[in-house]
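Asker: Below, each chain spelled out in residue letters.
2 protein chains.
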Amino acid sequence: MLVLVAGSTRTARIEGISAAGAAPSLLAHTPGADLEIVTYGKVVWGSVVPVSPSGCPTPAVVTRAARELQGCQVVAVDAGMAGPTAAPTLELARQPGRDVREVRAVPEAEAIFETARSFGESLPDRRVWIGETTPGGTTTALGVLSALGERAAVSSSMADNPLALKERVVEEGLAASDLGPGGAAGDPVAALEAVGDPVLAVVAGLLAGARTTGTPVTLAGGTQLAAAAALARHAGVEGSVSLATTVFVDEDPSASIRELAADLDLSLTVTDPEFDRAGDPALSAYPDGEAKEGVGMGGMLARVDDSGLSMAALRKQVSAVTDRLETDRE
Amino acid sequence: MLVLVAGSTRTARIEGISAAGAAPSLLAHTPGADLEIVTYGKVVWGSVVPVSPSGCPTPAVVTRAARELQGCQVVAVDAGMAGPTAAPTLELARQPGRDVREVRAVPEAEAIFETARSFGESLPDRRVWIGETTPGGTTTALGVLSALGERAAVSSSMADNPLALKERVVEEGLAASDLGPGGAAGDPVAALEAVGDPVLAVVAGLLAGARTTGTPVTLAGGTQLAAAAALARHAGVEGSVSLATTVFVDEDPSASIRELAADLDLSLTVTDPEFDRAGDPALSAYPDGEAKEGVGMGGMLARVDDSGLSMAALRKQVSAVTDRLETDRE
Numbered sequence: 001m002l003v004l005v006a007g008s009t010r011t012a013r014i015e016g017i018s019a020a021g022a023a024p025s026l027l028a029h030t031p032g033a034d035l036e037i038v039t040y041g042k043v044v045w046g047s048v049v050p051v052s053p054s055g056c057p058t059p060a061v062v063t064r065a066a067r068e069l070q071g072c073q074v075v076a077v078d079a080g081m082a083g084p085t086a087a088p089t090l091e092l093a094r095q096p097g098r099d100v101r102e103v104r105a106v107p108e109a110e111a112i113f114e115t116a117r118s119f120g121e122s123l124p125d126r127r128v129w130i131g132e133t134t135p136g137g138t139t140t141a142l143g144v145l146s147a148l149g150e151r152a153a154v155s156s157s158m159a160d161n162p163l164a165l166k167e168r169v170v171e172e173g174l175a176a177s178d179l180g181p182g183g184a185a186g187d188p189v190a191a192l193e194a195v196g197d198p199v200l201a202v203v204a205g206l207l208a209g210a211r212t213t214g215t216p217v218t219l220a221g222g223t224q225l226a227a228a229a230a231l232a233r234h235a236g237v238e239g240s241v242s243l244a245t246t247v248f249v250d251e252d253p254s255a256s257i258r259e260l261a262a263d264l265d266l267s268l269t270v271t272d273p274e275f276d277r278a279g280d281p282a283l284s285a286y287p288d289g290e291a292k293e294g295v296g297m298g299g300m301l302a303r304v305d306d307s308g309l310s311m312a313a314l315r316k317q318v319s320a321v322t323d324r325l326e327t328d329r330e
Numbered sequence: 001m002l003v004l005v006a007g008s009t010r011t012a013r014i015e016g017i018s019a020a021g022a023a024p025s026l027l028a029h030t031p032g033a034d035l036e037i038v039t040y041g042k043v044v045w046g047s048v049v050p051v052s053p054s055g056c057p058t059p060a061v062v063t064r065a066a067r068e069l070q071g072c073q074v075v076a077v078d079a080g081m082a083g084p085t086a087a088p089t090l091e092l093a094r095q096p097g098r099d100v101r102e103v104r105a106v107p108e109a110e111a112i113f114e115t116a117r118s119f120g121e122s123l124p125d126r127r128v129w130i131g132e133t134t135p136g137g138t139t140t141a142l143g144v145l146s147a148l149g150e151r152a153a154v155s156s157s158m159a160d161n162p163l164a165l166k167e168r169v170v171e172e173g174l175a176a177s178d179l180g181p182g183g184a185a186g187d188p189v190a191a192l193e194a195v196g197d198p199v200l201a202v203v204a205g206l207l208a209g210a211r212t213t214g215t216p217v218t219l220a221g222g223t224q225l226a227a228a229a230a231l232a233r234h235a236g237v238e239g240s241v242s243l244a245t246t247v248f249v250d251e252d253p254s255a256s257i258r259e260l261a262a263d264l265d266l267s268l269t270v271t272d273p274e275f276d277r278a279g280d281p282a283l284s285a286y287p288d289g290e291a292k293e294g295v296g297m298g299g300m301l302a303r304v305d306d307s308g309l310s311m312a313a314l315r316k317q318v319s320a321v322t323d324r325l326e327t328d329r330e
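The listed protein sequences derive, respectively, from chains A and B.
Residues 1 to 330 in this note's numbering are what the first sequence spells out, letter by letter.
Residues 1 to 330 in this note's numbering are what the second sequence spells out, letter by letter.
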């Protein structure tokens with residue numbers, strides 16, 4: 001079962017911070033459209049397929065392609081989505097996160113975390129994958145890692161990670177909450193309230209709940225999922241947790257994903273879909289450093305790989321999904 | 001893809017009208033628990049597995065068992081649910097239906113029908129099954145059939161169908177809306193407003209939309225699904241529509257399902273899971289006339305049958321699902 005947590009943070013509206021949409025005005029629609037692509041293989045209520053400003057398609061097409069190849073139940077969670085979706089969702093947070101530079105970015109962090117933990121405890125006990133779609137989410141991840149005193153490493157959906165901007169925003173966010181780096185160590189709710197987003201609260205809660213009942217969890221993503229794992233570790237969650245990400249995150253020096261995984265005792269899987277061999281111009285943006293990860297992509301690639309299917313088959317299916325989306329758009 | 005439409009009508013609160021719950025106070029929880037059983041194989045936020053007053057388990061266990069045997073994507077639709085659910089849902093109606101004896105049972109019928117039609121048009125074009133879970137829904141089905149001037153036949157989740165009570169309630173409902181039998185012929189929205197429920201509005205809209213774009217539809221259920229088909233026919237929907245139901249509905253003389261299907265030009269499939277051969281006391285209530293159908297059961301049985309799996313395998317899986325639910329309860 002893949003639990004896809006979709007939400008938003010007003011932090012994404014800061015100019016230059018997110019590429020999860022062709023234009024800033026479309027960012028609010030990206031999580032909803034991502035869920036529609038994974039659920040239906042098409043965009044339903046939005047008319048726009050999420051692409052980066054340069055046209056790189058959303059990782060949702062990769063997750064959809066993986067589902068079409070081998071089937072995978074998806075449970076979509078609304079963790080404060082700012083736009084509509086035709087995908088069925090379970091609402092675990094009502095409001096988008098605020099700009100982290102406000103005093104409290106997620107005032108309801110504790111309630112969201114506890115609701116998600118309770119739901120995580122009741123998940124069936126077969127393996128659960130958890131992914132996310134959150135424009136602006138790498139900045140809140142950086143914020144949470146900083147507040148907890150963990151390695152302040154973070155990836156980006158852009159080829160050129162606007163790291164200095166993210167660091168400045170996080171610094172302002174921590175200052176607005178009277179916190180310094182490490183000031184919320186051992187207090188994940190405080191970190192979430194100050195500089196997090198509702199998606200991180202939900203993912204951390206789900207992970208904590210699922211581990212309580214022994215459900216094996218693979219976090220399917222990059223630094224945002226690692227930040228959620230950090231929150232869970234600071235909430236006292238022990239034992240085995242897996243992180244499955246893409247080679248694009250692994251090759252991003254600003255992500256330091258291997259070091260993050262080691263710090264947090266996460267067993268790391270890195271999968272390379274070899275998109276440079278796809279011959280599909282849309283996919284060549286990935287090896288150039290765009291998009292990189294999201295919507296459960298890293299976990300779904302690992303799952304395809306584990307099942308013995310080839311990455312060539314996956315690439316072919318990704319192209320088929322992309323072609324169908326293009327046709328729908330025309 | 002199985003679209004499961006869950007909702008409620010206050011008509012279910014009329015004493016003696018529904019058996020979709022062990023006690024009247026639990027009826028509001030039945031649709032949510034049904035969706036949880038189909039989605040997760042267990043009851044999550046409700047603590048109670050829906051059973052009839054005599055202990056017959058909900059048809060949701062049959063649909064779940066069929067999914068476990070052969071996989072089937074489920075899209076759950078909230079069509080005015082009165083209770084909570086941990087299953088992800090797409091909300092197409094906000095309010096439970098009112099008691100049909102009020103002037104207007106579904107004041108927003110037109111908007112609900114049109115929203116569902118629009119969603120139905122955008123469904124992927126592979127085969128779609130549509131099922132429902134609606135305590136009290138056979139009474140609203142009788143109401144709609146009467147208002148349209150169609151055969152006033154209807155089944156029940158009870159072994160003894162309280163037909164006289166249902167007829168009296170419908171008569172009062174039509175009178176309250178200044179309608180006689182057949183008074184809403186050709187005007188499905190008027191029938192829904194007067195004596196329908198939001199689930200019927202959604203199912204009829206989905207069917208109309210899906211047929212517009214050529215998506216093959218199988219209505220998975222009994223007289224409630226037939227009533228939705230009648231609404232769609234009166235909305236001008238032509239062409240092929242399938243109805244897949246259980247032998248328990250077929251053997252119910254008050255349902256007249258063959259005649260209804262013929263009237264409405266529905267190609268009928270009847271499947272017998274041979275629960276009398278199950279050796280499972282919980283299932284023996286079905287051949288005795290309880291539950292009969294619901295939560296997509298008839299369609300899922302037909303799908304299992306089509307795939308070449310045996311009904312013995314299905315029965316074994318149903319018992320396994322039931323056992324797991326029992327264990328969770330203890």
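Note that these hints are calculated values from the structure, not bench results.
Worth double-checking, as some hints may not be accurate.
[Unchecked claim] Facing chain A, from chain B, some residues (calculated, C-beta under 8 Å):
(1) Y40
(2) G55
(3) G83
(4) P84
(5) T89
(6) S122
Glycine residues also receive a C-beta, built at the ideal position from the N, C-alpha and C atoms.
Asker: Which of the numbered hints above does this structure break?
Answerer: 2, 3 and 4
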